[in-house]
Amino acid sequence: MSAKAKMKQVFDRPKSLKDVPYHYCPGCHHGVIHRLVAEQIDAFGLQENTLAAASVGCSVLMYDYFDVDVVESPHGRAPAVATGLKRARPDSFVFTYQGDGDLAAIGTAEIVHAANRGENITVVFVNNAVFGMTGGQMAPTTLEGQVTTTSPYGRSAATDGMAIRVCEMLSTLEGTAYAARVSVDNIKNLKKAKAALKRAFTYQTKGWGFSFVEFLSSCPTNWKMSAEEANARVGKEMADYFPLGVYKDVRAN
Amino acid sequence: MARRVMIKGNEAIAMGAIEAGCRYYFGYPITPQTDIPEYLSAAMPKVGGVFLQAESEVAAINMLLGAAATGARAMTSSSSPGISLKQEGISYLAGSQIPGVIVNMSRSGPGLGGIHPSQGDYFQSTRGGGHGDYRTLVLAPSTAQENYDLTMLAFDLADKYRNPVMVLGDALIGQIKEPVELKSYRKKPKDKPWALTGAKGRHGHILKSLFLADGELTDHNWMLAKKYKSMEKEVRFETYRADDAELLLVAFGSVGRILRTSVDILRDKGKAVGLLRPITLFPFPNKAVRQAADKAKVLMVMEMSTGQMVEDVRLAAECACPVDFYGRPPGSIPTPDELAKEAMKIWRKRGLK
Ligand SMILES: Cc1ncc(C[n+]2csc(CCOP(=O)(O)OP(=O)(O)O)c2C)c(N)n1
Ligand code: SF4
Ligand SMILES: [Mg+2]
Chain A
15 MSAKAKMKQV FDRPKSLKDV PYHYCPGCHH GVIHRLVAEQ IDAFGLQENT LAAASVGCSV
75 LMYDYFDVDV VESPHGRAPA VATGLKRARP DSFVFTYQGD GDLAAIGTAE IVHAANRGEN
135 ITVVFVNNAV FGMTGGQMAP TTLEGQVTTT SPYGRSAATD GMAIRVCEML STLEGTAYAA
195 RVSVDNIKNL KKAKAALKRA FTYQTKGWGF SFVEFLSSCP TNWKMSAEEA NARVGKEMAD
255 YFPLGVYKDV RAN
Chain B
27 MARRVMIKGN EAIAMGAIEA GCRYYFGYPI TPQTDIPEYL SAAMPKVGGV FLQAESEVAA
87 INMLLGAAAT GARAMTSSSS PGISLKQEGI SYLAGSQIPG VIVNMSRSGP GLGGIHPSQG
147 DYFQSTRGGG HGDYRTLVLA PSTAQENYDL TMLAFDLADK YRNPVMVLGD ALIGQIKEPV
207 ELKSYRKKPK DKPWALTGAK GRHGHILKSL FLADGELTDH NWMLAKKYKS MEKEVRFETY
267 RADDAELLLV AFGSVGRILR TSVDILRDKG KAVGLLRPIT LFPFPNKAVR QAADKAKVLM
327 VMEMSTGQMV EDVRLAAECA CPVDFYGRPP GSIPTPDELA KEAMKIWRKR GLK
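For the record, the sequence lines run as chains A and B.
Note that the first sequence covers residues 15 to 267 in this note's numbering.
Note that the second sequence covers residues 27 to 379 in this note's numbering.
If you are wondering where the hints come from, they were derived from the structure by calculation, not from laboratory data.
Misleading hints may appear alongside valid ones.
[Unchecked claim] Calculated lysine to aspartate or glutamate pairs in the EDC-like style (CA-CA distance at most 16 Å, straight line): (1) B:Lys321 / B:Glu344; (2) A:Lys206 / A:Glu251; (3) B:Lys214 / B:Asp245; (4) B:Lys226 / A:Asp56; (5) B:Lys234 / A:Asp78; (6) B:Lys226 / A:Glu62; (7) B:Lys226 / A:Asp105; (8) B:Lys213 / B:Asp175; (9) A:Lys29 / A:Asp105; (10) B:Lys297 / B:Glu368; (11) A:Lys208 / A:Glu53; (12) B:Lys214 / B:Glu45.
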């Protein structure tokens, strides 16, 4: 046997991701998270039957990367748009991909009510504790003391409140069927993130209801850190305040 | 033969929507249009459709955006304050070229205002309403029958132009109860090759309003502008005893309806008074107004506001004849006699014989 014949390909671009370079900054986790989502679309054989609601944030251009049907949503409204998509095409796989400014600030009402109605959709929530796209302003998820362009003295609990833990909040709603918080800062966590996404996809494809996966994510550019430092911050400061884990899994045996 | 029923104006809208094949309705309660969601909450499940009471008008318009993106016929309805909240979504519909029908049974403003009929949303409806350089088609019914007919037309126009279409009534048009002939909808809805149906045997479809590449957004806006221009062929209006009129009244919706009786009153007194009632507010019947300005001695616009459509009439008349105005801010509905008296004031002021 030749050496070539023995080689097995173990890594490739998912079919549902286009072969184009990302515009994301070096060290940004958006790209890795895109890949994980695309892997599940492929694994579940859903590329031809997926409808995505894009949001407004650094991932607004997700339609440049995912080769599936995508509609743009106004800032924060993706869960309402996804509700319309899913109600009109209940047999399609419908997901939103939203940042923390989009989902936890301007779009709070839409995410809470989509979850509460138990919409059979999947929400991919990318929490980088900052408004990335607009240049690093304070988000509802910004940690206490964190310096941003609109909290130059650090986020003050007294005047700005504390960071919102969305996964915990949504888990209190009867309509939320699955909720997990994951990160992609090391291989161990990446594997757990994959498993959480797989579970979320299972929920929707089986018609079990609203599934939600929060990713703690880096934003080296607006955190004013190197890629390595930002990655380390996700695992330390971020995960300390936003504990990783599965918060709700109503079909767990 | 079409069935004749006695129904409320709001119900006629809901029935017209179902007849036209609308199976997705998203709304939020607000007087004086709540009969629409109430009717559809009972009717939609019976025809296999979806009625969803959204958490807000903001959510409702975005649910419509999602459903319509899949190619389905979808509708939302509200009244003035709720329509303000929908404007962001309407702008996105226009920018992304997603069709949808939005009903505004307008009430009085500004702010919470009141629930009286008002025509104060004319500017908001005909100038786009939200941000950006766009237009929505605007249909202004004046009877329950027109509510039914124009709602069906609204879906056709929305699909034809891939654009939001607004049906602009008011508290009077929504609440009035009168006979309606339930004509059947016979058109075959247009194919929508652009719709999101899953990327089967093709690449993913993208519906968006963001255009970042050099010159892309300029081209997009010019394309939209051409589309709005091409809508001119959809102009609709109605005239009443207008042929020999020296004083031609111009009014839309409920005032247009009331003025028919005022015209009869004045004609009985031997005054050559007629009526022109725009049915499409965008596109505006510019040519018809211009021709009327050549024929009549004076045009007089009447509105339940302090004066909005009058600006369009003045622009269209191009100073070919004087354009007078009587405005009635919301509070009470003017009677045919009152409006006839106001017309007579202008008749005398302009020295008509
Ligand atoms: C109605 C509206 N308000 C504000 C903005 C400006 N804006 C664009 S993206 C963004 C924040 C995005 O932050 P996030 O959702 O956290 O996404 P990230 O870029 O961090 O991934 C804001 C405020 C907008 N586009 N629309
Ligand atoms: S600004 Fe932050 S979130 Fe946006 S691409 Fe750069 S690193 Fe990622
Ligand atoms: Mg963010």
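Hints the structure violates: just list their numbers, smallest first. 2, 3, 9
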